[in-house]
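Next come the chains, spelled out residue by residue.
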Amino acid sequence: MKHIQLRSLIARDLKLFFRDKGVFFPSLISPLILLFLFIAFLGNVYRDSIRSVLEGFSVSDAFVESVAAGWLLSSLLAVCAVTVSFTANTVMVQDRVGGQLDDFTVSPVSSATVSLAYFLSAFLATAIVCFVALGAGMIYIAVAGWHLSAADVFLTIADTLLLIFFGTAFSSLVCHFIRSQGGVTAVQATVSAAYGFLCGAYMPLNNLTPWLKNLLMFLPGTYGTGLLHLHLMGGAIGASAAEGVPSAVAEGLMSGFDCTLDFFGNAVPVWASYLVLALSGLLFLTLYVVLRLLRGKIRPKRRG
Amino acid sequence: MDIIEIEHLKKYYGTVKAVDDISFSVREGEFFAFLGINGAGKSTTISVLCGKEPCTEGKVRIRGMEVGERLGEAKEALGVVFQDSVLDKSLSVYDNLRLRAALYGITGKAFRRRFEELNALFGLSFARRAVGKLSGGQRRRVDIARALIHDPRILILDEPTTGLDPRTRQTIWAIVHGLRKTRRMTVFLTTHYMEEAADADRVAFIDDGKILACDTPINLKEKYTGDFITLYHVREEELKNAGLAYRRTGEDAFRIEVESTRRATELILAHPALFRDYEIAKGKMDDVFLAVTGKTLGFEGKEEL
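If you read the sequences in order, they're chains A and B.
Its first residue numbered 1, the first sequence is counted upward by one per residue in our numbering.
Its first residue numbered 1, the second sequence is counted upward by one per residue in our numbering.
Honestly, the hints are just simulated from the structure, not real lab data.
Any given hint could be a false lead.
BS3-like cross-link-like pairs, simulated, lysine-lysine; straight-line CA separation at most 25 Å [as the list claims (entries may be wrong)]:
1) B:K240 / B:K223
2) B:K52 / B:K210
3) A:K2 / B:K109
4) A:K15 / B:K133
5) A:K21 / B:K109
6) B:K133 / A:K21
7) B:K240 / A:K15
8) B:K59 / B:K10
9) B:K210 / B:K17
10) B:K210 / B:K240
11) B:K282 / A:K15
12) A:K21 / A:K2
13) B:K133 / B:K181
14) B:K10 / B:K210
15) A:K2 / B:K284
16) B:K223 / B:K282
17) B:K223 / B:K210
18) B:K59 / B:K17
19) B:K221 / B:K282
20) B:K133 / B:K221
21) B:K133 / B:K89
To be clear about the criterion: a stretch of chain A counts as covered by chain B if any three or more of its residues have a C-beta under 8 Å from a C-beta of chain B, and this derived list gives those stretches [to be verified]:
22) 3–10
23) 239–249
Ideal Cβ placement from N, Cα and C applies to all residues, glycine included.
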């Protein structure tokens, strides 16, 4: 019976997310708006930044455009994977506020099944929104100049899924402690405003002061952003040799735009980035499940 | 046969004794009412009964199954209607019921059959509409239909008619009483409304987490109240002169409590001039509640007498 319960709860949570126009549409539109804002307002900043690294080399506008497009899409996906998951987890908070959770508690469905359903539905909802953004971003990259290999596309999808897993686990854990609709709105606003800076999506870490850069390297989300930068920009930067750019300069471009990361001066291998992201996601998920299972035993509120 | 058994149940939140050593049982098919002001411990008792919260001490058995040990099986026997609607407002009535049915393993044809039964019972012609667009009465009907989706033996109603208009309350009760007759369903009710409790087979009064009285309404009235004479069109001085203890109940009405109908007759014979326009009635559940708890329900315990 458990699989029927789980399937029904996931379907219900997704339906609530997609039916709530005040939640779904902003979630879907915000990445697209963000993409537009990135292109309209920050596109030139990044293009100038790329040109400044390549000063002295005559690179084509198309090359600069394709590198900038890779940066913009990777930044967008890195932010959305986490911020959208917070919106998707609104269902969990609304159930607590609206009493639906009490209803589930008095039915034969286990707390673990309800918790897993919240997590999986938030993951799926976030994935749907992020892949819409990825699709739109891929069109933009194709227009700007396509340098992605099949492996790059595959790894970008894998990075996005892993980052969504991390974001959903993190937001599920945070939302577990939220007891009001106002609370979840405040957290969503804070995360939306701050996360892009904290994960190195809005500004390359190498532009920051060393102590701040090192501090941000303790945050697991940074590694996910780095992976997306690598797989969406690596192909374009790799093509720089054709533009007459020496490999050392190309490597400088890679590290300058966080395609390669270093932790206190030590290069972080790609596998280590995957490991940090996966393990931190698992840690958050475990904490979330354990806390939810313990929930029934700690209830300070007195009822009538 | 006792379908619900509660023995020495305690539920403490730190130093607050929400439920403090209560014991009672509910027989199969019985309509049992739990009366008390807000914060008396009614909803906490229900929370423990449904397995929503663990108890601090004591035993709760449903159909002989200990809730702490066989919670899953015990839950199958319960249908709960909460104080506030717990339906998903943006989903249709049908989708709400389908989800809740799936939680009990009822899907496909079995669900459609059950839905038709409930539709016949509750008149769910609005099943395709979103719950958020229903009237308060329609929503309450769906709430009860949701609680009955798995055909439970016990229906727990936690202040189900609060905030509903009298006509809707009447409709809800007609459905519940119908269920009791046709299905011999046990109904466990918590309420503020005395007239609803007066229809119960047995009533328990709870206050500050303790059960102060538990019996049939007739026995409670006999034990805790006498008769009441209401006198109309008399002056207060006349009552004072006659040396009678009274309470003003209206602009032109006074109420005298007497221990029996015989004593009422004696008073009429002794003071015929006062009894120009009067009525004699047995005590009501409000009077029992007042006598038992020293509080009135209407003021939610703020005004203690």
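Outcome of the hint check:
A hinted pair counts as satisfied when its Cα atoms are at most 25 Å apart, and K240 of chain B with K223 of chain B does not qualify at roughly 28 Å. For the hint pairing K52 of chain B with K210 of chain B, the CA-to-CA distance comes to about 20 Å; that is within 25 Å, so the pair holds. A C-alpha spacing of about 19 Å is found between K2 of chain A and K109 of chain B, which places the hinted pair at or below 25 Å, so the restraint holds. Note on K15 of chain A and K133 of chain B: the hinted pairing holds, with a Cα-Cα distance of about 17 Å set against a maximum of 25 Å.
For the hint linking K21 of chain A to K109 of chain B, the alpha-carbon distance of about 32 Å lies beyond 25 Å, and the restraint is violated. For the hint linking K133 of chain B to K21 of chain A, the alpha-carbon distance of about 16 Å falls within 25 Å, and the restraint holds. Taking the CA atoms of K240 of chain B and K15 of chain A, the gap is about 70 Å. The hint is violated against a cut of 25 Å. As the CA atoms of K59 of chain B and K10 of chain B are separated by approximately 9 Å, the hinted pair is consistent with the 25 Å bound.
Note on K210 of chain B and K17 of chain B: the hinted pairing holds, with a Cα-Cα distance of about 9 Å set against a maximum of 25 Å. With a C-alpha separation of about 39 Å, the suggested pair K210 of chain B and K240 of chain B falls outside the 25 Å cut-off, and the hint is violated. At most 25 Å may separate the alpha-carbon atoms for a hinted pair to count; K282 of chain B and K15 of chain A exceed this at roughly 55 Å. A distance of roughly 30 Å separates the Cα atoms of K21 of chain A and K2 of chain A; the hinted pair therefore is violated under the 25 Å criterion.
A distance of roughly 32 Å separates the Cα atoms of K133 of chain B and K181 of chain B; the hinted pair therefore is violated under the 25 Å criterion. The hinted pair formed by K10 of chain B and K210 of chain B meets the criterion: a straight-line CA distance of about 10 Å does not exceed 25 Å. Restraint check: the Cα-Cα separation between K2 of chain A and K284 of chain B comes to about 49 Å, which exceeds 25 Å; the hinted pair is violated. Distance check on the hinted pair: K223 of chain B and K282 of chain B sit about 12 Å apart at the alpha-carbon level, within 25 Å; holds.
About 19 Å separates the Cα atoms of K223 of chain B and K210 of chain B, which keeps this hinted pair within 25 Å; it holds. Proximity of K59 of chain B to K17 of chain B is assessed by CA-CA distance (about 17 Å); at most 25 Å being required, the pair is judged to hold. With a CA separation close to 8 Å, the supplied pair K221 of chain B and K282 of chain B stays within the 25 Å bound. Restraint check for K133 of chain B and K221 of chain B: the C-alpha separation of about 43 Å exceeds 25 Å, so the hint is violated.
Straight-line distance between C-alpha atoms of K133 of chain B and K89 of chain B comes to about 8 Å, which keeps the hinted pair within the 25 Å bound. Coverage of the stretch 3–10 of chain A by chain B holds. Counting CB-CB distances below 8 Å, 5 residues qualify, and the rule asks for three or more. Counting residues of the stretch 239–249 of chain A whose CB lies closer than 8 Å to any CB of chain B gives 0, which falls below the minimum of 3, so the coverage claim is violated.
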